[in-house]
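J.: Protein chains in written order, with the numbering used here: chain A, 1 to 597; chain B, 1 to 312.
No lab work stands behind these hints: they were computed from the structure.
A few of these clues could be false.
Straight line, CA to CA, 30 Å or less: simulated DSSO-like cross-link-like pairs of lysine-lysine [claimed, not checked]:
hint, chain 1, residue 1, chain 2, residue 2
1, B, LYS276, A, LYS585
2, B, LYS151, A, LYS564
3, B, LYS166, B, LYS151
4, B, LYS153, B, LYS115
5, B, LYS153, B, LYS166
6, B, LYS74, A, LYS564
7, B, LYS166, B, LYS276
8, B, LYS115, A, LYS513
9, A, LYS564, A, LYS513
10, B, LYS153, A, LYS564
11, B, LYS74, B, LYS115
12, B, LYS115, B, LYS151
Keep in mind it's a predicted model, so treat the numbers as computed, not measured.
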Amino acid sequence: MWRHRLKPLRVAGALVVGSGLTAALMDFRDAMPASVGHWLGAVQMVPATIAFATGAGLAAGVIVVVILAVTLLVGRVYCSVVCPLGVLQDGIARLAAWRRERPSRLPHARPQNALRYGFLGLTLAGVAAGWGGLTLALLDPYSSYGRIAAGLFRPLLVLANNAVVGFAELLGFPLLYRVETPWLGAGVLVLPLVMLTLVGVLAVRRGRLFCNTVCPVGTLLGLVARRAAWRLTIEQSACVRCGECLPVCKAQCIDLRAGVIDASRCVACYNCIGACPELGIAYDYAWTPPVPEPGTETEPEEETDPDGEPEPEPAAPLSEGVAIVGAGGGAADSVRRSLVRSSDPQDAFADAPMPAPARWGQGPPPALNALPGLPANPARRVFLGGAMAATAASLSTNLFAAGMEPPPDPNQSTAVCPPGAGSVDRYLNRCTACHLCVSACPTQVLRPALLEYGFAGYLRPRLDYTRSFCNFDCRRCGEVCPTGAIALLALPEKQVTRVGRAVLTRELCVVEKDGTDCAACSEHCPTKAVHTVPFRDNLRLPEVRDELCIGCGACEFACPVVPKKAILVTGRRRHERAEKVDEAKLAPANPTEDFPF
Amino acid sequence: MKTRRDFLKTGIALGAVLSTPGLAGLMAEEKSAGLPPPVAPGPRPVLVAVRDGERAPMLDRALAELGGIGSFVKPGQTVLIKPNIGWDVPPERAGNTHPELVSRLVTLCLGAGAKSVSVFDNTCDQWQRTYANSGIGPAAEAAGARVVNGKDKSLYREIEIPRGVKLQRAMVHELVLDSDVFINVPVLKHHSGALMTAAMKNLMGVVWDRRFYHTHDMPQCIADFVTAVRPALNIIDAYHPMVRNGPRGKSVDDVVLKRTLLASTDIVAIDAAAAKLLGHEPAAVRHVQLAAELGLGVIDLGAVDIRRLRLA
Numbered sequence: 001m002w003r004h005r006l007k008p009l010r011v012a013g014a015l016v017v018g019s020g021l022t023a024a025l026m027d028f029r030d031a032m033p034a035s036v037g038h039w040l041g042a043v044q045m046v047p048a049t050i051a052f053a054t055g056a057g058l059a060a061g062v063i064v065v066v067i068l069a070v071t072l073l074v075g076r077v078y079c080s081v082v083c084p085l086g087v088l089q090d091g092i093a094r095l096a097a098w099r100r101e102r103p104s105r106l107p108h109a110r111p112q113n114a115l116r117y118g119f120l121g122l123t124l125a126g127v128a129a130g131w132g133g134l135t136l137a138l139l140d141p142y143s144s145y146g147r148i149a150a151g152l153f154r155p156l157l158v159l160a161n162n163a164v165v166g167f168a169e170l171l172g173f174p175l176l177y178r179v180e181t182p183w184l185g186a187g188v189l190v191l192p193l194v195m196l197t198l199v200g201v202l203a204v205r206r207g208r209l210f211c212n213t214v215c216p217v218g219t220l221l222g223l224v225a226r227r228a229a230w231r232l233t234i235e236q237s238a239c240v241r242c243g244e245c246l247p248v249c250k251a252q253c254i255d256l257r258a259g260v261i262d263a264s265r266c267v268a269c270y271n272c273i274g275a276c277p278e279l280g281i282a283y284d285y286a287w288t289p290p291v292p293e294p295g296t297e298t299e300p301e302e303e304t305d306p307d308g309e310p311e312p313e314p315a316a317p318l319s320e321g322v323a324i325v326g327a328g329g330g331a332a333d334s335v336r337r338s339l340v341r342s343s344d345p346q347d348a349f350a351d352a353p354m355p356a357p358a359r360w361g362q363g364p365p366p367a368l369n370a371l372p373g374l375p376a377n378p379a380r381r382v383f384l385g386g387a388m389a390a391t392a393a394s395l396s397t398n399l400f401a402a403g404m405e406p407p408p409d410p411n412q413s414t415a416v417c418p419p420g421a422g423s424v425d426r427y428l429n430r431c432t433a434c435h436l437c438v439s440a441c442p443t444q445v446l447r448p449a450l451l452e453y454g455f456a457g458y459l460r461p462r463l464d465y466t467r468s469f470c471n472f473d474c475r476r477c478g479e480v481c482p483t484g485a486i487a488l489l490a491l492p493e494k495q496v497t498r499v500g501r502a503v504l505t506r507e508l509c510v511v512e513k514d515g516t517d518c519a520a521c522s523e524h525c526p527t528k529a530v531h532t533v534p535f536r537d538n539l540r541l542p543e544v545r546d547e548l549c550i551g552c553g554a555c556e557f558a559c560p561v562v563p564k565k566a567i568l569v570t571g572r573r574r575h576e577r578a579e580k581v582d583e584a585k586l587a588p589a590n591p592t593e594d595f596p597f
Numbered sequence: 001m002k003t004r005r006d007f008l009k010t011g012i013a014l015g016a017v018l019s020t021p022g023l024a025g026l027m028a029e030e031k032s033a034g035l036p037p038p039v040a041p042g043p044r045p046v047l048v049a050v051r052d053g054e055r056a057p058m059l060d061r062a063l064a065e066l067g068g069i070g071s072f073v074k075p076g077q078t079v080l081i082k083p084n085i086g087w088d089v090p091p092e093r094a095g096n097t098h099p100e101l102v103s104r105l106v107t108l109c110l111g112a113g114a115k116s117v118s119v120f121d122n123t124c125d126q127w128q129r130t131y132a133n134s135g136i137g138p139a140a141e142a143a144g145a146r147v148v149n150g151k152d153k154s155l156y157r158e159i160e161i162p163r164g165v166k167l168q169r170a171m172v173h174e175l176v177l178d179s180d181v182f183i184n185v186p187v188l189k190h191h192s193g194a195l196m197t198a199a200m201k202n203l204m205g206v207v208w209d210r211r212f213y214h215t216h217d218m219p220q221c222i223a224d225f226v227t228a229v230r231p232a233l234n235i236i237d238a239y240h241p242m243v244r245n246g247p248r249g250k251s252v253d254d255v256v257l258k259r260t261l262l263a264s265t266d267i268v269a270i271d272a273a274a275a276k277l278l279g280h281e282p283a284a285v286r287h288v289q290l291a292a293e294l295g296l297g298v299i300d301l302g303a304v305d306i307r308r309l310r311l312a
């Protein structure tokens, strides 16, 4: 049956996307093609939306439309296949399930509307208030996963690699090489640690609760999915209310008493299809519009539940339902008792505390604005519609505005943001701190900032010249960046992009201070902005030609003076173009000349 | 009182003696075993200078003049080849030793029966990129060499440098300390700090902490290091030396075609000749002068047995 192939398909898709993205984020050997990380990041909702809203590319617009269209057609497949944080939660839950004999019990739960719309509203408000960069950095599920994989998983992989290298060396079999363990620092790792703990605990205990409360993408897609054309529904004629589907539903969105599946929370994992012994979960086209019988239109949410209480938990694992019935049943088990007693499933529903909604297609066609299963809640609709329209408008104006503001003082010192970022403001508005570039940077000069950009720049990568410097012929950060925060510059363009400026403090310089040759700075300078000029005692003193300096940090990194380096690079708030000076051609050597000795 | 002239005299005399590889090897700690036999009789160090050929034929010719690769590499020995692989630039920029030369040398060493040939450098730019884009990584590997990480601190061991004036200890790559034969294959370049980089300066790439050099009189440290670690053979790639903007260079416009290769067991003599190729007096390159003063080789090219060869 085709419905049973959906789950393996979903798992396969999730494995492909999840492992590809994880490999890109954990890559420490420059082994992954930049396109893998870039595209698996670019198809994520938040990066695509940012790229689209800021005009970074037509492809991003297509991606956003495709995600919304797919969700509108078949529900939140995105959350089960594309979103790496969702896949991570499924993986964690799966690992935890191995340790148990039975799957955890996840009874139906009511939606946490205040929380989920609250977080969505918070996100939209953050964007509207011009704090979109930070808000999205903190709440985007893809970026949260990126930081977990880049910040926590990657160092572990490096540790494992180094252990293997040591072992191979013992065997006289040098194959790999050691890599410095890329810990990002406690101030950076605290957030991914908290996030991993949160989603881990929630995944084990409450399935996809995170995705239906905190995650703004989940909530947004839920608003679309509740209108999905194909939805998982309970075949009333087949359902015997055995409850087998309940424990496998990680969204806890199957309401057996009402006989409905809350499409806004369903993450389209398709677990219930296979779990149902009666083949009673349908995945049917739901847009052939019936009219719900008057008076039976129900909110899937439990705020309309008569008792107003959360769904009572079964007193024992569901598989012991028969025993419960035999023993007279727990207080909450009237439903199941009726299920088991009744030979006709339809009778069972007669006992249900709530009337079952009509099956789609059974009634006369409704008006188009009254699609079935859509709770008529005009107030929410108006609120959400208005909020989203306002936010969409302000998102694009805010993000665009960064490029149109009066130019900030280009000399203002700040952290150095990567070439392609344009300006610090533009960059902080677009970067969601997914740390794909941090993993991909071959020199590892890109490191998440703490407060170097200010509070709003928390976790956004900066060029840290105490550790390394920006490779002149590299633009890998631009190649991987999925949001367009780091635009991909042509290499010649990148090589004249001034992200900072080097300033030499002569009194600290070895040549001036100690009277000995050094010139480590000028050695490393790729543009020869730092060169040496004759100095006393046949020495060569470094000198900076500011117009040539691109701020790559090679000089600062190489400077041997401690604790304060004699040459330091300060960031430019707004990037500029360096001059390119063509030097005179050298006279070719005389082909007939003899040895000069 | 010992004048500089006296010092130089003894230095030159001592250098001449030391320049025979066998004795030089005895001076180098941990390097006493397996060093090649003297290549030339007499006290005058031999310097081979070849012109006007391609790299591999010039290398072959120079080695033939020194008695063949077999006089340096014996069957079963482990060989370390240390090119200059400092910068992430392509071969035509001449920022690094040319891969053709490295590849040919690897082939010759393996042909002479070497048990293994290793290649590494403590690069300035990111090492995988530098190995790849210099062309040396792929070329050496294709020729059968082991290309080793120079950026792994655990592969470095500290040695004492008792004769060092400023540099008295250094962390040195284990391949330098453990290989039977150490062949130094630099490229000749202008250098903004050291004026010139050739054979002696290239040895900074086997040391972990170069910042110590830079803060402790770099030319003196360069010379000091040679008192402890001496390559059995130095081969300088001067095919198209970078004559300005060194040592990294800005473009191919920084190189001048000279089609020259130098080879010698005397690291001071070969650097003196290299200085001449760039138009400097040898003594103007301070680390060469200081090495001569330490008696590490012959700076006076008049006292060197120079074999001048032209392939065209």
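J.: With reference to the structure, classify each hint as holding or not holding.
T.: Now the hints, each set against the structure:
Annotation: proposed proximity of LYS276 of chain B to LYS585 of chain A holds, straight-line Cα distance about 22 Å (limit 30 Å). At most 30 Å may separate the alpha-carbon atoms for a hinted pair to count; LYS151 of chain B and LYS564 of chain A meet this at roughly 24 Å. Only pairs whose Cα atoms come within 30 Å are accepted, and LYS166 of chain B paired with LYS151 of chain B is accepted, the gap being roughly 24 Å. Between the alpha carbons of LYS153 of chain B and LYS115 of chain B the distance comes to roughly 25 Å, so the proposed pair stays at or under 30 Å and holds.
The hinted pair formed by LYS153 of chain B and LYS166 of chain B meets the criterion: a straight-line CA distance of about 22 Å does not exceed 30 Å. Restraint check for LYS74 of chain B and LYS564 of chain A: not satisfied, since their Cα atoms lie roughly 50 Å apart, outside the 30 Å limit. In summary, the hint linking LYS166 of chain B to LYS276 of chain B is supported, as the alpha carbons are separated by about 27 Å, within the 30 Å threshold. Proximity of LYS115 of chain B to LYS513 of chain A is assessed by CA-CA distance (about 49 Å); at most 30 Å being required, the pair is judged violated.
Taking the CA atoms of LYS564 of chain A and LYS513 of chain A, the gap is near 14 Å; set against the 30 Å cutoff, the hint holds. Of the pairs offered as hints, the one joining LYS153 of chain B and LYS564 of chain A holds, with about 24 Å between alpha carbons and a cut-off of 30 Å not exceeded. Simply put, LYS74 of chain B and LYS115 of chain B have alpha-carbon atoms about 9 Å apart, close enough for the 30 Å limit, and the pair holds. The suggested pairing of LYS115 of chain B with LYS151 of chain B holds, with an alpha-carbon distance near 24 Å, which does not exceed 30 Å.
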